[in-house]
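Number of protein chains: 2
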Amino acid sequence: MVKQDRAIRTRHAILTAAAKVFEERGYQAATISEILAVAGVTKGALYFHFPSKEHLAEGVLHEQDQRLPIPERPCTVQRLVDTVVLHAYHLQTDPMVRASVRLSLDQQAQGLDRSGPFLRWSEVGTELLEKAQVQGELLSHVNPAETADVVVGAFAGVQAMSQALCNYQDLPRRVSCLLQHLLPSVVVPSVLATVDITEHRGAAVQTELEALHAASLRVPVS
Amino acid sequence: MVKQDRAIRTRHAILTAAAKVFEERGYQAATISEILAVAGVTKGALYFHFPSKEHLAEGVLHEQDQRLPIPERPCTVQRLVDTVVLHAYHLQTDPMVRASVRLSLDQQAQGLDRSGPFLRWSEVGTELLEKAQVQGELLSHVNPAETADVVVGAFAGVQAMSQALCNYQDLPRRVSCLLQHLLPSVVVPSVLATVDITEHRGAAVQTELEALHAASLRVPVS
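These protein sequence lines map, in sequence, to chains A and B. Here the first sequence stands for residues 1 to 222, where the numbers follow the UniProt record's numbering. Here the second sequence stands for residues 1 to 222, where the numbers follow the UniProt record's numbering.
Simulated from the structure, these hints should not be mistaken for laboratory data. Please note: incorrect hints may appear among the correct ones.
[To be verified] Label-pair ranges, simulated between beta-carbon atoms:
#: 1; chain 1: B; residue 1: Pro95; chain 2: A; residue 2: Glu72; range: 25 to 33 Å
#: 2; chain 1: A; residue 1: Gly136; chain 2: B; residue 2: Thr31; range: 36 to 44 Å
#: 3; chain 1: B; residue 1: Thr31; chain 2: A; residue 2: His141; range: 47 to 55 Å
#: 4; chain 1: A; residue 1: Arg120; chain 2: B; residue 2: Ala214; range: 16 to 24 Å
#: 5; chain 1: B; residue 1: Thr31; chain 2: A; residue 2: Glu72; range: 52 to 60 Å
#: 6; chain 1: A; residue 1: Gly44; chain 2: B; residue 2: Glu54; range: 37 to 45 Å
#: 7; chain 1: A; residue 1: Pro74; chain 2: B; residue 2: Thr207; range: 28 to 36 Å
#: 8; chain 1: A; residue 1: Glu210; chain 2: B; residue 2: Phe48; range: 29 to 37 Å
#: 9; chain 1: A; residue 1: Asp5; chain 2: B; residue 2: Leu139; range: 55 to 63 Å
#: 10; chain 1: A; residue 1: Ala215; chain 2: B; residue 2: Asp65; range: 34 to 42 Å
Since we're looking at a predicted model, the values are computed, not measured. Glycine included, every Cβ here is placed at the ideal spot set by N, Cα and C.
Modelling step: build the complete structure from the supplied sequences, incorporating the hints.
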């Protein structure tokens with residue numbers, strides 16, 4: 001158990017170092033030696049966890065995957081919205097998520113398959129939209145996979161624009177504005193009227209998840 | 001006149017070389033010496049046109065600016081749509097536009113102000129939407145500047161996703177799908193019913209502009 005803990009800590013130290021170096025230098029220019037120097041681990045430990053630069057990048061790319069899924073909600077469209085705004089919140093607050101998103105948009109990263117995060121986010125979105133459809137929350141013409149792709153693609157660009165213009169300071173407002181433009185083509189009006197897409201939603205969802213997590217730690221394992 | 005022609009050709013050769021090097025190496029890793037070697041011009045000529053790497057990048061970033069504006073149309077929303085789908089068409093067909101868009105999303109480009117293309121496209125979109133608003137084509141709640149920002153940001157991400165997944169092969173379909181999701185929140189239904197946002201629109205607009213350009217060359221200057 002202690003040994004496993006240490007392996008997790010080492011892996012995390014390596015990924016944090018890789019994220020930092022990829023972010024500063026770009027995938028193409030980054031070298032394993034630099035990552036090694038920043039991580040402060042042995043060469044053996046690094047190659048044990050990640051046999052190549054590509055594996056390191058894949059590891060960082062996975063760090064934007066949804067960690068704590070949004071709990072079930074009566075309204076599944078709200079759950080989809082919460083997934084989107086929480087990701088925006090993490091972009092503002094978590095350097096690892098930021099590095100991961102930047103890497104997936106690094107068009108100079110030759111030989112690196114950057115499709116993973118796009119495909120995984122699309123899958124998360126498609127699943128939620130299919131559920132919302134069954135619950136009657138969507139307009140009848142909606143194709144869940146197509147709409148999920150639009151949401152994922154549009155979000156990627158809105159975050160890039162916010163980053164280029166003001167280093168993410170206006171990201172919650174821009175994401176709220178994007179949802180205001182997309183949802184009326186997707187969601188039935190009665191659901192639209194109840195969904196919270198204001199710019200404070202991301203921080204509120206994060207607080208909710210932290211409270212749920214703290215509560216789960218207090219429950220004795222039976 | 002001949003001298004000016006040569007200057008234009010030299011400037012173009014330098015920008016083409018800069019685009020190629022930035023695309024291959026990223027802004028951060030690219031050097032003026034490499035660009036010089038690819039361009040095949042003298043050091044003096046290069047520094048005359050572009051005194052620094054940042055100036056070279058700014059030059060490439062300007063290459064995605066709208067070159068031939070879409071002509072006036074009875075429906076200004078169609079003109080906006082045509083501006084968007086033509087840009088998508090150029091992304092598929094023009095390496096310089098592609099290099100420019102990649103550079104504006106290069107988050108490793110430290111010290112380079114990448115806000116220019118976002119702001120200029122937003123301005124183009126805002127102007128068209130303000131005109132459409134005056135013509136009664138927009139829903140009454142629409143804020144032209146906000147909607148323009150959503151369109152520009154969302155487009156940037158949809159193109160990045162198409163590039164990462166299939167090197168732009170499905171870009172026209174994705175852009176058409178994005179417009180299907182955005183326009184119903186922006187445009188009055190009677191206008192929506194007449195606007196062509198199919199995936200073949202970009203190539204059609206390009207053909208139209210080429211014909212207009214060819215015709216203008218045949219008209220004697222009075």
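The hints, checked one at a time:
1. Judged by the Cβ atoms, the range 25 to 33 Å given for B/Pro95 and A/Glu72 is violated: they are separated by roughly 48 Å.
2. Taking 36 to 44 Å as the suggested C-beta distance range, the pair A/Gly136 and B/Thr31 does not conform, at roughly 59 Å.
3. The supplied range of 47 to 55 Å is met by B/Thr31 and A/His141, whose beta-carbon atoms lie about 52 Å from each other.
4. The supplied range of 16 to 24 Å is broken by A/Arg120 and B/Ala214, whose beta-carbon atoms lie about 47 Å from each other.
5. A hinted range of 52 to 60 Å holds for the C-beta pair B/Thr31 and A/Glu72, which are about 54 Å apart.
6. Taking the beta carbon of each, A/Gly44 and B/Glu54 are about 42 Å apart, inside 37 to 45 Å as hinted.
7. In this structure the supplied range 28 to 36 Å is violated for A/Pro74 paired with B/Thr207, their Cβ-Cβ distance being about 51 Å.
8. Against the hinted window of 29 to 37 Å, the Cβ-Cβ separation of A/Glu210 and B/Phe48 comes to about 58 Å, which falls outside the hint.
9. Distance hint for A/Asp5 and B/Leu139: a CB-CB separation of about 56 Å, consistent with the stated range 55 to 63 Å.
10. For A/Ala215 paired with B/Asp65, a C-beta distance near 54 Å fails the hint of 34 to 42 Å.
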